[in-house]
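A.B. asks: Sequence:
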Amino acid sequence: MLDIKFVRENPEIVKENIRKKFQDNKLPLVDEVLTLDNENRTIKQEVEALRAERNKLSKQIGGLMAKGETQQAEEIKAKIANESERVDTLTAREKEVEERIKTIMMTIPNIIDPSVPIGKDDSENVEVERFGEPVVPDFEIPYHTDIMESFDGIDLDSARKVAGNGFYYLMGDIARLHSAVLTYARDFMINRGFKYCIPPFMIRSNVVTGVMSFAEMDAMMYKIEGEDLYLIGTSEHSMIGKFIDTMNKEEDLPQTLTSYSPCFRKEKGAHGIEERGVYRIHQFEKQEMIVVCNPDESPMWYDKLWQNTVDLFRSMDIPVRTLECCSGDLADLKVKSVDVEAWSPRQKKYFEVGSCSNLGDAQARRLGIRVVNKDGKKYFAHTLNNTVAAPPRMLIAFLENNLQADGSVRIPEVLRPYMGGLEKLEKVK
Numbered sequence: 123m124l125d126i127k128f129v130r131e132n133p134e135i136v137k138e139n140i141r142k143k144f145q146d147n148k149l150p151l152v153d154e155v156l157t158l159d160n161e162n163r164t165i166k167q168e169v170e171a172l173r174a175e176r177n178k179l180s181k182q183i184g185g186l187m188a189k190g191e192t193q194q195a196e197e198i199k200a201k202i203a204n205e206s207e208r209v210d211t212l213t214a215r216e217k218e219v220e221e222r223i224k225t226i227m228m229t230i231p232n233i234i235d236p237s238v239p240i241g242k243d244d245s246e247n248v249e250v251e252r253f254g255e256p257v258v259p260d261f262e263i264p265y266h267t268d269i270m271e272s273f274d275g276i277d278l279d280s281a282r283k284v285a286g287n288g289f290y291y292l293m294g295d296i297a298r299l300h301s302a303v304l305t306y307a308r309d310f311m312i313n314r315g316f317k318y319c320i321p322p323f324m325i326r327s328n329v330v331t332g333v334m335s336f337a338e339m340d341a342m343m344y345k346i347e348g349e350d351l352y353l354i355g356t357s358e359h360s361m362i363g364k365f366i367d368t369m370n371k372e373e374d375l376p377q378t379l380t381s382y383s384p385c386f387r388k389e390k391g392a393h394g395i396e397e398r399g400v401y402r403i404h405q406f407e408k409q410e411m412i413v414v415c416n417p418d419e420s421p422m423w424y425d426k427l428w429q430n431t432v433d434l435f436r437s438m439d440i441p442v443r444t445l446e447c448c449s450g451d452l453a454d455l456k457v458k459s460v461d462v463e464a465w466s467p468r469q470k471k472y473f474e475v476g477s478c479s480n481l482g483d484a485q486a487r488r489l490g491i492r493v494v495n496k497d498g499k500k501y502f503a504h505t506l507n508n509t510v511a512a513p514p515r516m517l518i519a520f521l522e523n524n525l526q527a528d529g530s531v532r533i534p535e536v537l538r539p540y541m542g543g544l545e546k547l548e549k550v551k
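At position 394 of the sequence shown (counting the first as 1) the number is 516 in my numbering, and the numbers step up by one without a gap.
You may find that some hints are simply not true.
Stated by the list, open to error - Straight line, CA to CA, 25 Å or less: simulated PhoX-like cross-link-like pairs of lysine-lysine:
1) Lys-224 x Lys-426
2) Lys-242 x Lys-127
3) Lys-127 x Lys-142
4) Lys-388 x Lys-127
5) Lys-242 x Lys-388
In case anyone wonders, no lab produced these hints; they're calculated from the structure.
Take these sequences, add in the hints, and give me the full structure.
C.D. replies: Below, the structure written as structure tokens:
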């Protein structure tokens, strides 16, 4: 969410930013919020003046009564009553105006970084760098659920009976591999200086609207019926929410946390064959990383965060690339974002396995995450988040890149301690 003062002083910059995000339908909101802001300031001035006048008049009543000037005292009382009614009317209107301003300000997108490529949607995202050599083996690589089934590692039919489409049972070595990846990812981040945390898996509505846009909320979140609670779509939501309404000492920054959680998402819309199986699902588990920092340090942390994911995947011999998200593919709160994509030997292309975002002070402004320095100056923190690993989607890349010609799956050395020393998985079927 932008500062209303910034919008007031830079309306054309805000409008140009909206155009860069191809959201021209939001352009009228800028003029509307400026009109409302002007009305709101006028109301406040009038209310302040009326209250000052009322206090001044109130002091005169006692003196007039003491002098026996009852009629004048009653006239002043009537005037005070009229001014009180006016104050009540203005105060009610002030509340309406401020609620509308807040709604609009939470809809106007954040100012994107100048380095963000301009494009309408994810088809215009820009490849930045590749890490590792993509390999297509000389044997056929089956669809990922077929690989899992060869280890008796997945049961989608039973999951459909129990919960419907978009759910799964992972079994045996595949389930063990899933847990091993998460545990390895946890230790990987701890070794990089991040504090481990298991957060709440449900959050209140004020946290939801603090960490994401209304459009994201509608597309992602499951609400608990009859309660002010939502299931988290990622642990970033509750991790950033941890700092709601806090005043943080500058010397205590940055806060660097890595967290485990299950994640729940609606995943609206129909999807092609490559997004069936366990690619796009309603429930999955994830290791996440978040940073709350000084604004000057957020670009540095942005680069560190995505590099962590690249390094994690490369340690398991999975080729990856980074893809800069264009303006039209950025969620409204994001200043800059990069996707990490893993190589799929079966599809002969890369696919998304993680996303790193710098949100500037947008989340902090919505949630009231402030910082105070040694001189007493207060400002909003910057927040960032990034995926460490999100199996079972990550398992697709893992299985495809470590599949052998005989159908076995090689276990990279870094994962072997988490798999009881196994060097490879052997087919069951």
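A.B. asks: Are the hints correct? Go through all of them and say.
C.D. replies: Status of the hints after comparison with the structure:
At most 25 Å may separate the alpha-carbon atoms for a hinted pair to count; Lys-224 and Lys-426 exceed this at roughly 33 Å. The straight-line distance between the Cα atoms of Lys-242 and Lys-127 is roughly 29 Å, outside the 25 Å bound, and the hint therefore fails. For the proposed pair Lys-127 and Lys-142, the alpha carbon gap of about 21 Å is at most 25 Å, so the pair holds. In summary, the hint linking Lys-388 to Lys-127 is not supported, as the alpha carbons are separated by about 36 Å, beyond the 25 Å threshold.
A distance of roughly 24 Å separates the Cα atoms of Lys-242 and Lys-388; the hinted pair therefore holds under the 25 Å criterion.
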